[in-house]
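**Q** For reference, the chains in residue letters:
2 protein chains.
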Amino acid sequence: MSPLKRSYTIIGTGAVGGFYGSCLQRAGFEVHFLVHNDYEHVRQHGLVIESKEGDFTLPNVYAYRDVQEIPTTDVIVIALKATQNHLLAHLLPPLVKDDSVILVLQNGLGVEEEIAQMVGNKNIIGGLCFLCSNKIGPGHIRHIDYKAITLAKYAEGYQACGTAEQMVHLSDDFQEANIPIILFEDLWIARWKKLVWNIPYNGLSVVLNATTQELMANINSRNLVEQLMKEVLFGAQTPNRSIPKIFIQEMLDHTEKMEPYRTSMKIDYDEHRPMEVEAILGNPLRSARDRGIELPQVSMLYQELKFLNARNTQDRRK
Amino acid sequence: MSPLKRSYTIIGTGAVGGFYGSCLQRAGFEVHFLVHNDYEHVRQHGLVIESKEGDFTLPNVYAYRDVQEIPTTDVIVIALKATQNHLLAHLLPPLVKDDSVILVLQNGLGVEEEIAQMVGNKNIIGGLCFLCSNKIGPGHIRHIDYKAITLAKYAEGYQACGTAEQMVHLSDDFQEANIPIILFEDLWIARWKKLVWNIPYNGLSVVLNATTQELMANINSRNLVEQLMKEVLFGAQTPNRSIPKIFIQEMLDHTEKMEPYRTSMKIDYDEHRPMEVEAILGNPLRSARDRGIELPQVSMLYQELKFLNARNTQDRRK
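Heads up: the protein sequence lines correspond to chains L and P, in order. Under this note's numbering, read the first sequence as residues 1 to 318, first letter to last. Under this note's numbering, read the second sequence as residues 319 to 636, first letter to last.
Note that these hints are calculated values from the structure, not bench results. Just so you know, these numbers come straight off a predicted model, no measurement behind them. From the three backbone atoms N, C-alpha and C, an ideal C-beta is built for every residue, glycine too. Hints should not be assumed to be uniformly reliable.
Subject to a maximum C-alpha distance of 20 angstroms in a straight line, what follows is the list of computed SDA-like cross-link-like pairs (lysine to any residue) [claimed, not checked]:
hint, chain 1, residue 1, chain 2, residue 2
1, P, Lys440, P, Arg460
2, L, Lys194, L, Gly162
3, P, Lys548, L, Glu294
4, P, Lys512, P, Ile585
5, P, Lys323, P, Asp417
6, L, Lys5, L, Lys52
7, P, Lys512, P, Thr468
8, L, Lys230, P, Pro614
9, L, Lys52, L, Asp145
10, L, Lys230, P, Lys323
11, P, Lys548, L, Ile293
12, L, Lys97, L, Gly28
13, L, Lys135, L, Tyr261
14, L, Lys257, L, Asn218
15, L, Lys230, P, Ile585
16, L, Lys245, L, Phe184
17, L, Lys97, L, Asn107
18, P, Lys548, L, Pro296
If you anchor each label on the Cβ, the simulated ranges turn out as follows [as the list claims (entries may be wrong)]:
hint, chain 1, residue 1, chain 2, residue 2, range
19, P, Ala466, L, Leu87, 49 to 57 angstroms
20, P, Lys563, L, Arg311, 27 to 35 angstroms
21, L, Pro260, P, His404, 30 to 38 angstroms
22, P, Glu368, L, Glu226, 42 to 50 angstroms
23, P, Lys575, L, Glu69, 55 to 63 angstroms
24, P, Glu544, L, Gly28, 31 to 39 angstroms
25, L, Thr238, P, Phe448, 35 to 43 angstroms
26, P, Ile585, L, Lys245, 39 to 47 angstroms
27, P, Ala466, L, Thr238, 29 to 37 angstroms
28, L, Ala148, P, Met436, 34 to 42 angstroms
29, L, Asn209, P, Glu544, 23 to 31 angstroms
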């Protein structure tokens, strides 16, 4: 490891954090992993990545159970499920210094704002992962497809703030680790664009117990996907920013060509894990409502998912 | 049987038609039953009604497979599932005379209009059954609870047309058969009032795989039920008619006090039978749209149900 290279802390060593952290370590970066359930296993055996681009193993990784033991690093990567974000108020303060860069690799809306209020840090970068991977065992991650990340800097109130220097640094590091990076000047639009896909497909895949392919093959569900996308576009609008309508058609066409896909929310549901309903639907709905915009069909999807989530995680405790 | 009494033809000898027809026959009315799958069984063994008010058997009933063989009767009762209404164009013309009374015992909206266009008859009465019964075997019906019927006469365009003489006659007959009858002056409002209950509870019970009790116990599904009811009220509005808002609270309170209830649509879904999606949601939506009223959440529920209905009845054919 080179002392000239930036160092990383990965909070959440699952399908996302475990994968990207391992890629960085393999490329020679110093990486510290906060590990929860798999701690003992990862200390002894390290991390294993299966990938169609080539499997690899990191027999020795810096693994921690307690943030207090993690040394100061240049970058802190938040790769928890958004359902675990209540832990951040406890996890972040010991790690974050004034010049730390915080990279948020999560779906949904609103988490950068919460973090900014929590630690008062000015270097928060949102990252949108186009990644298909699963954790299939302790310290064992299967990378299935894609891995690009779109980066955009957070500024108060999600104002567009251009390409920050920290984004370029992160981009250099990730590209050195063979991760394609797209730099984007407007985190608000980047997040809402991802929501245009995530809200209908994640939500309906759970409510209708369907793959993306099934949703596209039936005229009623396909129309419903499109209507939901229109509402999300409407919710994204601010006085000076909007997503062009053509984006909907691009997403529909793109999804139609994809392999049948079980969404991340559907995987969580099937595994009886809490779903990211608040990050992906609740926060965007509240954000729109605060600006006087009602999204009735997204709101209905939210309520359906809240009902299913409550019953599904309750069953587990039986 | 008394020659002074009105005679009845029952089209559809299931949980609804089999039950009411049997009650009428037991009370001394001449009743002719059109029977489909159970024809041979009913000819040989008649009809069996199980009821907490007392079981009874009618060993001999007039059963028919072909409408051409049914003699002319005073009243023709349509008790098919609304999903079978495409059969009416074939079934009704041989049975209906100018002075026939047609009683439609179905859920949903629009069937009286279709029948009026089909046979040009002026004596069409809509009947809304508050009945909990199931067909549990060939010619074997279990009456669980309730049995009242609300009657209202159809006039072109669902104009309110007061209490017609034929309604009073039907009321006399059914009450003689121990069926409580409510006479209502406005079929439009009667049908939409029933939709205020049927749309949210039937629809959500299928989409969320839930009983009425589960829907009422969770704050999100309960709020969603209420929102859907508000949309139905909005859809019912005409320049001179509307359902008072207090009706929503009455329905919510009433349902909260009910025993956990599996709706008729849920039973159809569980049995892989086609659901009455068009009668209960599609026709009201189109009626509202024709009057320039959009119901986004009812529309979403409709599309979800159409998707589930297609997959559910397709599975059956596998």
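**Q** Now tell me if each hint is right for this structure.
**A** Results of checking the hints against the structure:
As the CA atoms of Lys440 (chain P) and Arg460 (chain P) are separated by approximately 34 angstroms, the hinted pair breaks the 20 angstroms bound. Taken as a hint, the Lys194 (chain L) and Gly162 (chain L) pair is honoured in the structure, with Cα atoms around 19 angstroms apart against an allowance of 20 angstroms. Among the hinted pairs, Lys548 (chain P) with Glu294 (chain L) is consistent with the structure: their alpha-carbon atoms are about 16 angstroms apart, no more than 20 angstroms. Distance hint between Lys512 (chain P) and Ile585 (chain P) is fulfilled; the C-alpha atoms sit about 18 angstroms from each other, no more than 20 angstroms.
Of the supplied pair hints, the one linking Lys323 (chain P) and Asp417 (chain P) holds, its CA atoms being roughly 16 angstroms apart against a limit of 20 angstroms. Between Lys5 (chain L) and Lys52 (chain L), the direct Cα distance comes to roughly 28 angstroms. Violation of the 20 angstroms bound is thereby established for this hinted pair. Using a Cα cut-off of 20 angstroms, the hinted pair Lys512 (chain P) and Thr468 (chain P) holds, with the two alpha carbons roughly 10 angstroms apart. Annotation: proposed proximity of Lys230 (chain L) to Pro614 (chain P) holds, straight-line Cα distance about 13 angstroms (limit 20 angstroms).
Between Lys52 (chain L) and Asp145 (chain L), the direct Cα distance comes to roughly 8 angstroms. Compliance with the 20 angstroms bound is thereby established for this hinted pair. A hinted pair counts as satisfied when its Cα atoms are at most 20 angstroms apart, and Lys230 (chain L) with Lys323 (chain P) does not qualify at roughly 60 angstroms. Of the pairs offered as hints, the one joining Lys548 (chain P) and Ile293 (chain L) holds, with about 19 angstroms between alpha carbons and a cut-off of 20 angstroms not exceeded. A threshold of 20 angstroms between alpha carbons decides the hint, and for Lys97 (chain L) with Gly28 (chain L) the separation of about 23 angstroms lies outside it, so the pair is violated.
Taken as a hint, the Lys135 (chain L) and Tyr261 (chain L) pair is honoured in the structure, with Cα atoms around 16 angstroms apart against an allowance of 20 angstroms. Restraint check: the Cα-Cα separation between Lys257 (chain L) and Asn218 (chain L) comes to about 15 angstroms, which is no more than 20 angstroms; the hinted pair holds. The hinted pair formed by Lys230 (chain L) and Ile585 (chain P) fails the criterion: a straight-line CA distance of about 34 angstroms is larger than 20 angstroms. Between the alpha carbons of Lys245 (chain L) and Phe184 (chain L) the distance comes to roughly 19 angstroms, so the proposed pair stays at or under 20 angstroms and holds.
Our distance criterion of 20 angstroms between C-alpha atoms is broken by Lys97 (chain L) and Asn107 (chain L), whose separation comes to about 25 angstroms. A hinted pair counts as satisfied when its Cα atoms are at most 20 angstroms apart, and Lys548 (chain P) with Pro296 (chain L) qualifies at roughly 13 angstroms. For Ala466 (chain P) and Leu87 (chain L), the Cβ-Cβ distance of about 56 angstroms falls inside the hinted range of 49 to 57 angstroms, so the restraint holds. At about 30 angstroms, the CB distance of Lys563 (chain P) to Arg311 (chain L) agrees with the hint of 27 to 35 angstroms.
Checking the proposed 30 to 38 angstroms range against Pro260 (chain L) and His404 (chain P) shows it holds: the Cβ atoms sit about 34 angstroms from each other. Against the hinted window of 42 to 50 angstroms, the Cβ-Cβ separation of Glu368 (chain P) and Glu226 (chain L) comes to about 48 angstroms, which satisfies the hint. For the pair Lys575 (chain P) and Glu69 (chain L), the supplied restraint of 55 to 63 angstroms holds, since their beta-carbon distance comes to about 57 angstroms. At roughly 58 angstroms, the beta carbons of Glu544 (chain P) and Gly28 (chain L) sit outside the given window of 31 to 39 angstroms.
Separation of Thr238 (chain L) from Phe448 (chain P) is about 50 angstroms and departs from the stated range, judged on CB atoms against 35 to 43 angstroms. Checking the proposed 39 to 47 angstroms range against Ile585 (chain P) and Lys245 (chain L) shows it holds: the Cβ atoms sit about 42 angstroms from each other. Look at Ala466 (chain P) against Thr238 (chain L): about 54 angstroms separates their beta carbons, and that is not inside 29 to 37 angstroms. With their beta carbons about 60 angstroms apart, Ala148 (chain L) and Met436 (chain P) fall outside the hinted range of 34 to 42 angstroms.
For Asn209 (chain L) paired with Glu544 (chain P), a C-beta distance near 26 angstroms keeps the hint of 23 to 31 angstroms intact.
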